[in-house]
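Take the sequences, apply the hints, and build the full model.
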Amino acid sequence: MTIVTEVFTGGIRGGTSILYAALGESVSERAGVVNLGTEGSMLAGALAGYAVAAETGHPWLGAFAGAVAGGLLALVHAYMVLSRGANQLASGLVVLFLGLGLTSLFGVTYVQAVAPTFSPVAIPGLSAIPFIGPVFFEQDPLVYLSYALVPLLSWFLFRSRWGVLLRASGERSEVLVAHGHRVRPIQYAAVVGGGMLAGLGGVHLSTAYTKAWFENMAVGRGFVAVAVVMFASRRPIRVAGGAYLFGAALALSPALQARGFGINQFALDAVPYVVTLVVLIVFGRRQLRDVPEGLSKVFDAQPTR
Amino acid sequence: MSTDVSGSRSSTATPPAADDDGGASPAAARAAQRRVLRWRPDNGFAAAALRLLVALGGAMGLFAVLMLIKGVNPLAAYRDMFTSTFTSSTSLAGIAVRATPLILAGLAVAVPARAGLINVGGEGQLIMGGVAAMGMSLLLDGAVNGPVALVLMAVAAGIAGALWSGLAAILRLKGGISESVTTLLLNYVALDIMYFLIYERWKDREGSGQPATRALDKADRLPLLGDTRLHLGLLLSVIAVVAVYLVFRTTSWGFRLRVVGGNPEAARRAGLKVGVLLLTAMLVGGALAGLGGFTQLAGAEFKLRSGFVLGYGYVAYLASWLAGHKPIGVMLSCLLLSGIVIGGDSLQLDSGLPAAGVNVLMALLLLGVFGFATKREAAR
Numbered sequence: 110m111t112i113v114t115e116v117f118t119g120g121i122r123g124g125t126s127i128l129y130a131a132l133g134e135s136v137s138e139r140a141g142v143v144n145l146g147t148e149g150s151m152l153a154g155a156l157a158g159y160a161v162a163a164e165t166g167h168p169w170l171g172a173f174a175g176a177v178a179g180g181l182l183a184l185v186h187a188y189m190v191l192s193r194g195a196n197q198l199a200s201g202l203v204v205l206f207l208g209l210g211l212t213s214l215f216g217v218t219y220v221q222a223v224a225p226t227f228s229p230v231a232i233p234g235l236s237a238i239p240f241i242g243p244v245f246f247e248q249d250p251l252v253y254l255s256y257a258l259v260p261l262l263s264w265f266l267f268r269s270r271w272g273v274l275l276r277a278s279g280e281r282s283e284v285l286v287a288h289g290h291r292v293r294p295i296q297y298a299a300v301v302g303g304g305m306l307a308g309l310g311g312v313h314l315s316t317a318y319t320k321a322w323f324e325n326m327a328v329g330r331g332f333v334a335v336a337v338v339m340f341a342s343r344r345p346i347r348v349a350g351g352a353y354l355f356g357a358a359l360a361l362s363p364a365l366q367a368r369g370f371g372i373n374q375f376a377l378d379a380v381p382y383v384v385t386l387v388v389l390i391v392f393g394r395r396q397l398r399d400v401p402e403g404l405s406k407v408f409d410a411q412p413t414r
Numbered sequence: 041m042s043t044d045v046s047g048s049r050s051s052t053a054t055p056p057a058a059d060d061d062g063g064a065s066p067a068a069a070r071a072a073q074r075r076v077l078r079w080r081p082d083n084g085f086a087a088a089a090l091r092l093l094v095a096l097g098g099a100m101g102l103f104a105v106l107m108l109i110k111g112v113n114p115l116a117a118y119r120d121m122f123t124s125t126f127t128s129s130t131s132l133a134g135i136a137v138r139a140t141p142l143i144l145a146g147l148a149v150a151v152p153a154r155a156g157l158i159n160v161g162g163e164g165q166l167i168m169g170g171v172a173a174m175g176m177s178l179l180l181d182g183a184v185n186g187p188v189a190l191v192l193m194a195v196a197a198g199i200a201g202a203l204w205s206g207l208a209a210i211l212r213l214k215g216g217i218s219e220s221v222t223t224l225l226l227n228y229v230a231l232d233i234m235y236f237l238i239y240e241r242w243k244d245r246e247g248s249g250q251p252a253t254r255a256l257d258k259a260d261r262l263p264l265l266g267d268t269r270l271h272l273g274l275l276l277s278v279i280a281v282v283a284v285y286l287v288f289r290t291t292s293w294g295f296r297l298r299v300v301g302g303n304p305e306a307a308r309r310a311g312l313k314v315g316v317l318l319l320t321a322m323l324v325g326g327a328l329a330g331l332g333g334f335t336q337l338a339g340a341e342f343k344l345r346s347g348f349v350l351g352y353g354y355v356a357y358l359a360s361w362l363a364g365h366k367p368i369g370v371m372l373s374c375l376l377l378s379g380i381v382i383g384g385d386s387l388q389l390d391s392g393l394p395a396a397g398v399n400v401l402m403a404l405l406l407l408g409v410f411g412f413a414t415k416r417e418a419a420r
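Those sequence lines, one after another, are chains A and B.
Per this note's numbering, the first sequence starts with residue 110, numbered consecutively.
Per this note's numbering, the second sequence starts with residue 41, numbered consecutively.
Hints are computed from structural coordinates only; laboratory data are not their basis.
Be a bit skeptical, because a hint or two may be false.
[What the hints assert, rightly or not] Restraint ranges, calculated between C-beta atoms of paired labels, are given here:
1. B:G302 x A:W271: 35 to 45 Å
2. B:V278 x A:P250: 48 to 58 Å
3. A:E283 x B:I210: 27 to 37 Å
4. A:H290 x B:S128: 55 to 65 Å
5. B:D385 x A:E283: 14 to 24 Å
6. A:V387 x B:G302: 29 to 39 Å
From the three backbone atoms N, C-alpha and C, an ideal C-beta is built for every residue, glycine too.
Now the structure itself:
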């Protein structure tokens, strides 16, 4: 396997959990709610997915349970923010600590457990294509699901009636009210749906990527997902690009080291964050215009001079 | 009009007082209930303490249910937690030692928050402070020792923390990018810088093979207070709390920060230099967090390792929110949160539950305070 193939394959494998979480965060942010608790939802999904897969023997049941667990944790955030008027950034961090604590309490029994996992399945025909085949079509089923999810969410957000309502709830909720819609149920659905996607990301992490559960296994991937969403201005297709970029950066240093290049892993790890900052600086104005209006209240993104 | 209403009321032969008791009609009962639910004690220390106690009680109750599910007797667990945390002087000192960098990082949230800025970058600023202090110590390489070296390390840490937060402030002022986004991203850059240094450049070749720097010389460590684990950094953080309190109360800078935080547009029209105020608030905040990194390095850990101040910045951010960004309150809430974390050690030793499980107790407490015991924020 050439190094390019290896990095791209690893980029997709490692980027998928971030992709799910970032897609979820995009949906949530489009409805005007930032969820820093994404990391917590990922952890909840990772544990619930692995535990249910281990108990029932069905990884797909695990995937379902993981999505539910991620959604439940996001429900706490939604309730705090939408119904109790708590600060979004603070509530998100609390939810992260809640997820971290709950999964470490209930995860102890599953640290050594063996669970059925998702394994790569080559798609006949497509996987024979040189380079494209091994990179994209020799992956596990959850990766294929994410391929379908990206255009689907893009269509949902920008082409469907529900998507218009969802985006309106984050931009100008008073317009929705004027048209006789109720804003809060839409926002609840967006935040909980986003948490479910983050939970699926966690499921991919534990049952397909590492094939194990251990405490605090997301190690910052949830925050990375939040950063990717900013980088990609909440557009699913760009989110996919950003998630795979992070994944590729993670895969690059082991690939180089295996070939005897003494590249420092951490210099590479910092690259995606620096790129995100540079993108924000270069396209700052455009990014600002892209921020849903409900969100700019959270970030207080009005430039003050 | 009002006489009309009272007239119609008395005509139904129900005394108005009965409405408040909720016995008259379901609607009135609901209204009365809503009034009770909406009741919030006025601001003030006693009321704040009461709200905190209620939230703490609720959190402990819910956490007790979780312990029952895990097959642990919650009463025994709480008793063990309480006795091993509050009756031994070592764990009391442990709380104070852990709270030291938290307090400084909490002030790093509170000072910018007064000007309406959101600094989620305490983590990165703590790390950069620790990295700069270690770097200064390596640079001096024994040429200077003792107090002079410590002062140089502290200055380097403060400057590094201020630069790290200043970067976010510049991006906000020149690029219009929200500081809450950039400080969050810079946390990861700082973490990778530290990892880069401890895995390669600064790695202790004679060490145990773990990624860590060499330990500071005995002479380059902060002096201990008496024969405890408490170090001079604790004093430094208390001084910082008092200083910030006085600056907020008595200086025109502190007042101007509040004006900017209240309404930047009004402040600008009143002739305040809003940009300079935002920049200085952020620089002071970053410098305080940088100092926090220095105290943790020179007072408690003595070397950079991979878990250095891990998660402290986020806990400090929450502590500042818990205290409504008031300096004295920040100190108290940092002590409270580090007490809970130290209590987690007991949870592991005495009850056999993972120490990280105590994060649930902390999160439940904070949910109680943020969601049910503080005034709602408008449109946030």
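Hints and how they fare:
{"no.": "1", "hint": "B:G302 x A:W271: 35 to 45 Å", "in the structure": "holds (39 Å)"}
{"no.": "2", "hint": "B:V278 x A:P250: 48 to 58 Å", "in the structure": "holds (57 Å)"}
{"no.": "3", "hint": "A:E283 x B:I210: 27 to 37 Å", "in the structure": "holds (35 Å)"}
{"no.": "4", "hint": "A:H290 x B:S128: 55 to 65 Å", "in the structure": "holds (58 Å)"}
{"no.": "5", "hint": "B:D385 x A:E283: 14 to 24 Å", "in the structure": "violated (50 Å)"}
{"no.": "6", "hint": "A:V387 x B:G302: 29 to 39 Å", "in the structure": "holds (33 Å)"}
The structure does not agree with numbered hint 5 stated previously, though it agrees with all others.
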